[in-house]
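Student: Please put together the full structure from these sequences, using the hints given.
There are 2 protein chains.
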Amino acid sequence: MDEVHKVCVRFHTAIELLGARWTGAVLRALFTGSHRFADIKAAVPNLSDTMLSQRLRELEAAGILERHVMATSPVRVEYELTQMGKEVEPVLDAVIAWSHHWIPLAVGDEDDSASHPESATGS
Amino acid sequence: MDEVHKVCVRFHTAIELLGARWTGAVLRALFTGSHRFADIKAAVPNLSDTMLSQRLRELEAAGILERHVMATSPVRVEYELTQMGKEVEPVLDAVIAWSHHWIPLAVGDEDDSASHPESATGS
Numbered sequence: 001m002d003e004v005h006k007v008c009v010r011f012h013t014a015i016e017l018l019g020a021r022w023t024g025a026v027l028r029a030l031f032t033g034s035h036r037f038a039d040i041k042a043a044v045p046n047l048s049d050t051m052l053s054q055r056l057r058e059l060e061a062a063g064i065l066e067r068h069v070m071a072t073s074p075v076r077v078e079y080e081l082t083q084m085g086k087e088v089e090p091v092l093d094a095v096i097a098w099s100h101h102w103i104p105l106a107v108g109d110e111d112d113s114a115s116h117p118e119s120a121t122g123s
Numbered sequence: 001m002d003e004v005h006k007v008c009v010r011f012h013t014a015i016e017l018l019g020a021r022w023t024g025a026v027l028r029a030l031f032t033g034s035h036r037f038a039d040i041k042a043a044v045p046n047l048s049d050t051m052l053s054q055r056l057r058e059l060e061a062a063g064i065l066e067r068h069v070m071a072t073s074p075v076r077v078e079y080e081l082t083q084m085g086k087e088v089e090p091v092l093d094a095v096i097a098w099s100h101h102w103i104p105l106a107v108g109d110e111d112d113s114a115s116h117p118e119s120a121t122g123s
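Taken in order, these protein sequences are the chains called A and B.
Under the numbering used here, the first sequence has 120 at position 120, and the numbering climbs by one with no breaks.
Under the numbering used here, the second sequence has 19 at position 19, and the numbering climbs by one with no breaks.
Hints in this document: simulated from the structure, not taken from any laboratory.
Be aware that one or more of the hints could be misleading.
Per label pair, the in silico range of CB-to-CB distance [claimed, not checked]:
1) B:V69 <-> A:H101: 25 to 33 Å
2) B:A61 <-> A:T82: 32 to 40 Å
3) B:S73 <-> A:S48: 47 to 55 Å
4) B:S34 <-> A:H101: 17 to 25 Å
5) B:V69 <-> A:R36: 37 to 45 Å
6) A:M51 <-> B:A61: 32 to 40 Å
7) A:R76 <-> B:F31: 39 to 47 Å
8) A:T50 <-> B:N46: 22 to 30 Å
9) A:Q54 <-> B:L105: 23 to 31 Å
Don't be surprised by glycine CBs; every beta carbon is placed ideally from N, CA and C.
Tutor: In structure tokens:
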């Protein structure tokens, strides 16, 4: 048993945070810049308003994104990654590379590898 | 809206699989080699038997690990990562590096960075 080392508390906290249902998809949508609620929702298939609201609140509380309220008329609200959030990108890049190697395309899915040049190079 | 690209189906499948509660911790325990149920459980704080059983079944069904039953007396059962499972390591390394930068140590936690040399080098 002693050869199995204890799982680090910080690692565990991080993966529970980043691995929460939909969080990876929401972060991925935000890597392209700050976006409005409706735009993030449109980028993530099958994500409900309620679930997106909850994830955005959690990510804001964790310091991963910021909510900007612009004093326009009507008011415009955008969500933007903080530096902490931007630095999640290598994690998601690693997930993309792994998924393109190991997760089969379902019949009817388009091959979207052209939109992920970072995984096409193999690294 | 058109600047937010659709989240890739394979990426989404992968992160839902790898991000499931406890999965990262279970995988991390298995990177050191094949282990018995009780050893994996001991490596992951607060993980129940029921939840560990469920995760191991899911990971086996996904092709990430294999269950080996050894014809000893008493029978010995070990769980071992497949190649697909072993190649998750860069994902978890990226999570570790990120967590050591951004997730604060709780008061009373030991600093375990010495046990994660891959994150201590920065990179």
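Student: Compare the structure with each hint and give your call.
Tutor: Cross-check of the supplied hints:
no. : hint                         : in the structure
1   : B:V69 <-> A:H101: 25 to 33 Å : holds (29 Å)
2   : B:A61 <-> A:T82: 32 to 40 Å  : holds (37 Å)
3   : B:S73 <-> A:S48: 47 to 55 Å  : holds (53 Å)
4   : B:S34 <-> A:H101: 17 to 25 Å : holds (23 Å)
5   : B:V69 <-> A:R36: 37 to 45 Å  : violated (53 Å)
6   : A:M51 <-> B:A61: 32 to 40 Å  : violated (25 Å)
7   : A:R76 <-> B:F31: 39 to 47 Å  : holds (46 Å)
8   : A:T50 <-> B:N46: 22 to 30 Å  : holds (28 Å)
9   : A:Q54 <-> B:L105: 23 to 31 Å : holds (27 Å)
In terms of the numbered hints stated before, the structure departs from hints 5, 6, listed from lowest to highest.
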